[in-house]
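With chain A's structure known, arrange chain B with the ligands on it following the hints.
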Amino acid sequence: MADERVEVVLQVNGREHRLEVSPRWTLSDVLRHQLGLIGTHVGCEQGVCGACTVLLDGEPVRSCLMFAVQAQGQHITTVEGITPENGLSPLQEAFRAHHALQCGYCTPGMLLTAQALLDRDPNPSEETIREALTGNLCRCTGYQFIVDAVLAARGQGRGA
Amino acid sequence: MAEVLRPQMMGARVSRLEDPRLLSGQARFLDDIQVPGMLEVAFVRSPHAAAKILSVDVEAARHLPGVYAVMTHQECPVMLWNKESYKVGQPALADGEVAFVGQPVVAVIAENRYIAEDAAELIRVEYQAITPVLDMRDAIQEKPRRVHEHAENVFFKKSRQTPGFDEAFAAASHHLTASFRTNRQTAVTMEPRGTAAMLDAASGRLTVYASTQSPHRMREDICNLLDIPEHLVRIIVPEVGGGFGMKAACYPEDVVVAQAALRYRKPVKWISDRLESLESDVHARDDIHDVEVAFDDDGKIIAIKDHLMADGGAYPAYPWSGAEGETGLAARVLTGPYDIPYLATDIDCTYSNKTPLGSYRGVWGPIASFIQEGLVDRVARHLNLDPADVRRRNMIRKEQFPYRNAARMIYDEGSYLESMEEALKLIGYEDFRKRQAVLRQQGRYVGVGISVFVEPTAMASSEAGEVGYESCTIRIEPSGRVTAAFGLGPSGQGHETTMAQLLADQLGVPLADIVVLHGDTDSAPYGGGTGGSRSGPIGGGAALVAGRQMRERLIKYAAHLLEAGEDDIELGDGKAWVAGVPDRSLTIRTIAQTAYMDVSKIPEGLPIGLEITGRYLPKRPVTFSNGTHIAEVEVDVHTGVVKVTRYAVANDCGRVINPTIVEGQIHGGVAQGIGAAVLEALRYDEDGQLVTTSLLDYLLPESTDVPRIDVHHIETPSEGEGGIKGMAEGSLIAAPAAVACAISDALAPFGGMVDTLPVTPDMVLKMVQDR
Ligand code: FES
Ligand code: FES
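So the protein lines, in turn, are chains A and B.
Counting in this note's numbering, the first sequence runs from 12 upward without gaps.
Counting in this note's numbering, the second sequence runs from 205 upward without gaps.
Calculated from the structure, these hints are not laboratory results.
Please read all numbers here as calculations on a predicted model, not as lab measurements.
Far from chain A, by Cβ distances over 12 Å, these chain B residues were calculated:
| # | residue |
| --- | --- |
| 1 | A375 |
| 2 | A405 |
| 3 | N588 |
| 4 | L589 |
| 5 | M613 |
| 6 | E670 |
| 7 | V719 |
| 8 | T791 |
| 9 | K823 |
Sample of chain B residues with no beta-carbon within 12 Å of chain A, all distances over it, derived:
| # | residue |
| --- | --- |
| 10 | M283 |
| 11 | K291 |
| 12 | V642 |
| 13 | G809 |
Pair by pair, the computed Cβ-Cβ distance ranges are:
| # | chain 1 | residue 1 | chain 2 | residue 2 | range |
| --- | --- | --- | --- | --- | --- |
| 14 | B | S683 | A | D68 | 45 to 51 Å |
| 15 | A | Q81 | B | D339 | 44 to 50 Å |
| 16 | B | T849 | A | G168 | 32 to 38 Å |
Quick reminder that beta carbons are idealized off the backbone N, C-alpha and C, glycines included.
Same shape as in the complex, but just chain A:
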């Protein structure tokens, strides 16, 4: 059971990282604890809550359900990666303007799921937005202001 290590190369937010990891470490743990990208949150480790959502080649995935070694060769985007160097992205701004977060724990996962939706469908309906967000649980907001924020961010691109 000793923790053997293997080398893995991860492309995260446009940077390449060469890391020694244990094959059983999840992607969420490696992002958080090896790379210090603490914006990726872990809410269940059961693949249900969506707090750990990151983008893998643009598609939302649950980083708690993947081993870091499985992400080799793909482009990983975390919340840090959609945050412009200065200020916030249009989607993040919309979240703030519409009070789409309270405790903020689900927020990075929500942002990434919503961003992926807007990337593939710049003009989704409320129903489409709600459908897309079903895999991201929020215990604070009742979702309405999150939906409002995504509606408001339509057609604005990723910014920066």
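What follows is chain B with the ligands alone, placed relative to chain A:
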């Protein structure tokens, strides 16, 4: 030049100051606390509901590479026991027996969580299972046995009745009985619980990072339990990913982590996984109410008799059992917004072999509202009256305030009837009844449920403790910028913004010049923390009191330096000026510079510096918020699935500090209420195994389960500071009842009424078939 306009921050829809860090992934939650050499903890937990521990073998675990230490009760001989209230306490790590599935037995401390979990699997605990106590009614009768040999199962018992109850009850022309059941639920914060602890190298003090709602209470609990003086312990509360009352308690794991840091002189951290959360976060709402109601021909309710029972679980949560909170307060506010003169209540809270019951948002309220509104609807149906009309006939009227209810609670003024009429308008009640009739013809079953609620807030004692006041320390720095510290413990409520709004008005500085500190016992003045809907009214009150004192001091400075009368000084936009002569002005920064650097110019009688602590203790022991929720549902009588389709809220929490934040909290509470009404239940099997151990089994509302919620504000100010009332719980108090009543209304053609929460598809199908 026109006079500088001072924006009124109170009541403004200000965007939150805490958002940028949360949106960009920079916020630090508990698991983001990382220091070199930090060890991690995994717990071995009881797989049995009730068992004697015959032996514990930790040797193999101890020798696993990467394991630092293994702790049993011997290494952490601490009891979480409030001896003044209960005959029973919970050992931090099990001592010879276990009494619920998930109870911590052994703690493994290792280099990282993976290794700690590997080692935990190597630990052999030999148990001898005993018959678990699982049924609440049986347990009250001491059957099949006592949970704790030396203590009766019923640990809290209280009877109370309005004088003249029996005569009034007997004299009424109609009587109905009903039994209401709410099933176990829990808060499920998206951030699980967690604790980290370490010794400060320089001072030797213990620092505990805790994901808690009440920093000072946590300090007191840790100090009392581990016998350390308070000045040697510092609690730091990082970002908290939801609390909802569940993070108001001190848990065994908190104590074990602190003890490990002390004992091994290493930084130690424990983060709960979701299975552990569902097993060991305090549960809530495990209640049965056997109720009788007496009323007259017009639907005027005369008397309610209620036997309230709650299953408190294996031990009282520390320091209070939620069972006591759920029943004790429900018994005092069971008549809700209605003028019901007679009430008789008997309470029995029992131990069982389940997870301890603690607080979850609303505590007593969701249960009491479910019963109160369920009774009103039963009366209406029995007399064939409109449910809204029966409510009108029973509602406490404006001229009755301050109103003393049948359990001697004093209600301050509210807008009970007004809120209901407003909500009926929002939902389009008349129109709905027509729609409902038409749809029924087509075999579609829609219903509305009306839930008029009262919400006792800012109580002298609550889940946040017995501290009835709150404190605010304001320091205006030499730059003129403001630091304000509170003993609050926010977990998403946005106190950094709302408290700054209140201070900005008082101090006449821009919002961006204020930083609100909280959650660190080294910087915060002593306070009760966040819980029981007290931070707005009491914390906000402290901000206003301290703000006013500082304002007076600034005015004295300005009058002195500008050579004007104090009455003529105005503050705003970071400046002080002489009224009507805006050119005769100086900046707050200049005042601050004087106060700290140019001290010879300080006006007579004022101290050096600009620092003040103000405290606020409300005169009333409670202030009541109120409002009305109306849910519209559609019930699929073939599948049993309930869909909440429309939702309206008229909410009155006194003067609103930030309407957007209030609406956000209402939305969240309604979503939790929908969960409580149709989705969420913690279920045990006949052996006492918790079977809902993941979020696939314990279902939370998703974005498609919650409709748009239309919120309307009414403002009936409290008599306290700023006219503020609390509001965090009302939405979850009202929503389950609204949805339950709507389901009963939708299924009226089948005759039954909802008496159990949550309403599952099976229950709906049974109601349909039972016709
Ligand atoms: S933490 Fe990955 S889905 Fe919940
Ligand atoms: S904002 Fe708290 S869980 Fe979504």
